[in-house]
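A.B. asks: If you want the building blocks of each chain, they are given just below.
4 protein chains.
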Amino acid sequence: MAGSVYGNIFKISTWGESHGKALGVVIDGCPSGINICEEEIQKDLDRRKPGTSKYTTQRNESDKVEIMSGVFEGKTTGTPISLIIYNTDQRSKDYSNILNVYRPGHADFGYDSKYGFRDYRGGGRSSGRETAARVAAGAIAKKMLSLLNIDITAYTYSIGNIKININNFNKEEILNNSLSMPDVSAAESAKLLLNETMSKNDSLGGVIQCEITGLKSGIGEPVFDKLDAAIAKSILSIGAVKGIEFGLGFKAAEVNGSFNNDEMYFNDDGKVVKYTNNSGGILGGISDGFPIIFRAAVKPTPSISKTQKTVTKSGENTEIQIKGRHDPIIVSRAVVVVEAMAAVTIADFILMNMCSRIDNVIKFYK
Amino acid sequence: MAGSVYGNIFKISTWGESHGKALGVVIDGCPSGINICEEEIQKDLDRRKPGTSKYTTQRNESDKVEIMSGVFEGKTTGTPISLIIYNTDQRSKDYSNILNVYRPGHADFGYDSKYGFRDYRGGGRSSGRETAARVAAGAIAKKMLSLLNIDITAYTYSIGNIKININNFNKEEILNNSLSMPDVSAAESAKLLLNETMSKNDSLGGVIQCEITGLKSGIGEPVFDKLDAAIAKSILSIGAVKGIEFGLGFKAAEVNGSFNNDEMYFNDDGKVVKYTNNSGGILGGISDGFPIIFRAAVKPTPSISKTQKTVTKSGENTEIQIKGRHDPIIVSRAVVVVEAMAAVTIADFILMNMCSRIDNVIKFYK
Amino acid sequence: MAGSVYGNIFKISTWGESHGKALGVVIDGCPSGINICEEEIQKDLDRRKPGTSKYTTQRNESDKVEIMSGVFEGKTTGTPISLIIYNTDQRSKDYSNILNVYRPGHADFGYDSKYGFRDYRGGGRSSGRETAARVAAGAIAKKMLSLLNIDITAYTYSIGNIKININNFNKEEILNNSLSMPDVSAAESAKLLLNETMSKNDSLGGVIQCEITGLKSGIGEPVFDKLDAAIAKSILSIGAVKGIEFGLGFKAAEVNGSFNNDEMYFNDDGKVVKYTNNSGGILGGISDGFPIIFRAAVKPTPSISKTQKTVTKSGENTEIQIKGRHDPIIVSRAVVVVEAMAAVTIADFILMNMCSRIDNVIKFYK
Amino acid sequence: MAGSVYGNIFKISTWGESHGKALGVVIDGCPSGINICEEEIQKDLDRRKPGTSKYTTQRNESDKVEIMSGVFEGKTTGTPISLIIYNTDQRSKDYSNILNVYRPGHADFGYDSKYGFRDYRGGGRSSGRETAARVAAGAIAKKMLSLLNIDITAYTYSIGNIKININNFNKEEILNNSLSMPDVSAAESAKLLLNETMSKNDSLGGVIQCEITGLKSGIGEPVFDKLDAAIAKSILSIGAVKGIEFGLGFKAAEVNGSFNNDEMYFNDDGKVVKYTNNSGGILGGISDGFPIIFRAAVKPTPSISKTQKTVTKSGENTEIQIKGRHDPIIVSRAVVVVEAMAAVTIADFILMNMCSRIDNVIKFYK
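Chains as they are written, first to last, in our numbering: chain A, 5 to 370; chain B, 5 to 370; chain C, 5 to 370; chain D, 5 to 370.
Where hints are given, some of them may not hold.
Any copy will do: because identical chains look the same in the list, a pair fits if it lies in one copy or spans two.
[What the hints assert, rightly or not] Derived DMTMM-like pairs: lysine to aspartate or glutamate, alpha-carbon spacing no greater than 20 Å straight-line:
(1) Lys220 - Glu77
(2) Lys58 - Asp206
(3) Lys367 - Glu215
(4) Lys79 - Glu177
(5) Lys79 - Asp116
(6) Lys370 - Asp273
(7) Lys275 - Glu320
(8) Lys175 - Asp50
(9) Lys175 - Asp67
(10) Lys25 - Glu323
(11) Lys58 - Asp93
(12) Lys327 - Glu65
(13) Lys367 - Glu65
None of these hints come from the bench; they were simulated from the model.
Note that this is a predicted model, so its numbers are computed, not measured.
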């Protein structure tokens, strides 16, 4: 049911296929009065765009964004913001061979089961290319959050079995190296591993960590719309993500309550602070004023040129070697997508939270 | 914004506090004609109810469910089904000492930040007691799914560092032992560990695994309403859950694509099958016809009687020892809650999927 | 889908059948900190309850409301408010004769077409009794609006062909006379007409007018969620309503633009005012700061004891005389239902509007 | 909150301003497998487009629609359908004079109250031009409905005080004459009236009637999502509509129940039929299998060149003569918009209804 619409107040509707004319998003419910221009959105799109290193697909897309509505004289008007990104380097012929074949690790078989047929060109709607529209929407959400001094930063936490060393953490490296890995030495090791993997016609996955700072306590809705639940949905909705954990995450399941609980005290500024942040900034689904920390597991790119066994739509067993232009790893390109989905979710929840107390409603209404 | 409503077509609204008069749920959008009675719902509530072993709170609640509407002559009518569970063993005095104190690991501070004050008795709305209403709704969703031959089974996968051994797997033990652990020997070890933990006034967490079998391929909606994304939200909305992973999960981030991809073939019955199920039954957000497998990390109960540092609402640093009747572990009681949330989500997505193809619409409309 | 849930932020879920155990509503998204008690809700329920005059059904229901959750120490907590009204005077035997017969003017045939069968006792879910839950929810919405100095007043505008004379308008009469008609003399004529109608075993309808004062300009959402569109839906969702018009309404279709347009000027207080209010307080779906005025057409009660031709479920032509306890007119009892639905809608839209400008978001967030 | 999104399963998101780059709509939730091409959509857009007679604005827009996504090899894929219509004849200079002035009868003042400022060019988002996107979406909904043999036909029922005579009804005239009036002689009288009105620099409104045939009984959801309530919202969301009535409508408020009730019988084919259709095809919010009939009151165009008193944003009283290219009447152009909104609503409700009975769910699932 309308699976391409996301959000409650800050609501986004995305559209477009890998090899269609264009991709886009309509953002409805963005507050009026936010200064925004195409360049700001483009900056995030450039972080996601293909062809920037040898570790990404060689498809050549400039991913140029155009604002079609909702911005007047440089400011959001409060009405729908439509963003469009034309496709320019579709080579649909590359895909004619998968018309009848279901690629392992892809949604091909599921889409055919669901819809009876599919736009097979580059995966159609199920392609990772769909995330360009998310990134465009996320850039606007981030702009709104920046006005509230909220920052969202994601980065590559691990590739294969190579993790960053927290002692080497260097935030600038996120935008500096082609793997978005904030640890130069881990990034170098990861590149060697990727080179080796590529030489075997194979692919790799990894983990993305995301930190949200500046979010005040009290954001999140009780019971079903817990902030972590909503973030989890938004992140798992990114094609290749297979798991998420907050704070201590799966390790919390192994320790004692006395260790996992974050004890609190008033600091010298009279602010409530915690000795630890095992909760990852969310308790009972509500932000506790500490940084929100989560990690997402990204599977290895399913498109590999190694031979794989599979089946055809017409009922035969077969083998496939996936040609075309594919990423040996999508973790680094997914970093900005994770930021985007977190940003849209946080923006939505901040707007929702405005209605939580009658004294705010009265103050606002006057 | 209305965080206590969940679902799109099969929609549930829960209400009630730990120490209020009652808890309940209204289910709107359940198809007509399903045979349902209070006994069937009670069965699941009994799996969650407190006081059944020494590893659960000694609060004495029968958690008796009553159908208030939506069922006529034993069958659902298609209109809202209202279920109510009266509280009978509230002892609110136990909680007067936390009126002014924020318990570590709890939502107390967040609720006060959000709403300005809170129903502090037993955690009010943020109490795990809220999940009784989910279980009641889940029982009806499961009944609907059983008519489609879909089964949902969750169990304790690990407690602390003690995991079940898959070679000892015994499904009957899920309902047999007080820890819902389908491995007798692991359950015994876990009990010893729990006894020791309790003697130290501490608590433990664990991991719940859930398997959904019988779901056909093609269920799930593209992009934001991917089936795994929706399940993730539903499971992370359970208070103590800090992480979720599907299929290989976080391990998928460490392996090669050629390993992670599930190769396919036609079996002798002409059915598409996979050599492995690393995807956990979902690809691109759409079910692939294989069992859906996920694991949820449950944190240790935050209410412990060990002394902890914390702060008061009125601005002082303080210490707290949480008395009252608390579970040393909530994993086993959460097992049926996980089943319930998965069931409500799957029921909702099956109904949504009915509209995916025009030929089905035409056939149905005639 | 899930047709018993209404609203976006201020969201209500109603449940219950005419001859079930009880009726109720869950209100999710009501801001915290509003003082509310059962007596305030009861006041509105008493205006709707049956048996208060000879012009209403003689069913004897006290319609006693009980707050089950969401209110702590007299104030809303921000979490779901559950309200319950037990049925006490069901006489289901009265209805056994319609088990197999479709009553003209009722939803019987439609419900059977949709669901395959129906709870036929007193119309089940399609009974006007369902509106008790709306009135209970409306009382809480009105309480919230009263804190913003917004008043909602509905009254009987006409019964059959007898209209109130605006020169005789007396607001106190709305609560004074049994027809809720703010014109003593029109009320007397209407009673005579009703007596005559009842003597012929027939029924009558009428028009309800509603005025919303104190609403500031700028409330309403563009395009599909126009304020008048939302009010229209909420009012047409009341069983017997067959039409609605705002301001000049259908007369606007007959006049010139120069007459219909409301010219504006600044009054001595520097406030924008209009010479006329033909718009009924809404332009382009957004409130213009003037009173919102609308009228709803209520059809005559379909349950009459006059003989009518109809059909049976089992396929025969037949005749029916509807016995039981029925209102000869439902207009006066529907007055408070109209107020309730308008109140819930306005409350919801005021909350939604809080997010419209970034400067408000920033101010609020600090 | 996201007021530009409409529908539950068949969900549309529109965007664009009168003088922006383009207008568009994203349709999410349309079933897969429907044959659709741009020409079919264009046909309806041509009925709405300006400049086709002297009774419409002379703005010269071809309103050429382009399908951007969601259609593959001529069939809908089940994923979002994005439609775009570029603006070509904006003359924004025409509007610079209203930058600071609030036009009577327009949303200018409300938008400024709500958002702090507005895109004043041609009314921006509040312009009637926004309805082009609705018509495009409606064309696809109509295509879906045509496959179920459901027809939606709207027409001009009256202009000013000139009504069609039902004895002269000629359906072909709807597309034949410039006023979409299915009565040649009434159309001639209306043209004379319009000529006279235009010569006085004034405008006129009228009533649109809409008939939906072929809809089976049982469509509509109980309580808040009654079919008539949903249609009412969809039609009142069209800018200039000030009222709606179903079947007898406001006249039902004046007659007796015995007159208003539609008696039923089995016809020779064993089908349930009604002697009358005073209900307008909907009872208790559920279709009764008879044609759905409703009428919408359209106000006179507020943009007139006659001098009107009004106020400026900067706080002065002033006068305005609205120049530019305006329709002396918008009724005829709104006819296809009414059809579109009805079509989208009916399509959505048919899809929702698929889930109403468990036997259908079981049958479908197999």
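A.B. asks: Are the hints correct? Go through all of them and say.
C.D. replies: Right, here's what the structure says about each hint:
no. : hint            : in the structure
1   : Lys220 - Glu77  : neither (32 Å within a copy, 27 Å between copies)
2   : Lys58 - Asp206  : within (14 Å within a copy, 51 Å between copies)
3   : Lys367 - Glu215 : neither (32 Å within a copy, 24 Å between copies)
4   : Lys79 - Glu177  : neither (32 Å within a copy, 46 Å between copies)
5   : Lys79 - Asp116  : between (43 Å within a copy, 14 Å between copies)
6   : Lys370 - Asp273 : between (32 Å within a copy, 17 Å between copies)
7   : Lys275 - Glu320 : between (66 Å within a copy, 11 Å between copies)
8   : Lys175 - Asp50  : within (18 Å within a copy, 51 Å between copies)
9   : Lys175 - Asp67  : neither (25 Å within a copy, 49 Å between copies)
10  : Lys25 - Glu323  : neither (31 Å within a copy, 48 Å between copies)
11  : Lys58 - Asp93   : within (18 Å within a copy, 46 Å between copies)
12  : Lys327 - Glu65  : within (18 Å within a copy, 45 Å between copies)
13  : Lys367 - Glu65  : neither (49 Å within a copy, 40 Å between copies)
Comparing the model with each numbered hint stated earlier shows that hints 1, 3, 4, 9, 10 and 13 do not hold.
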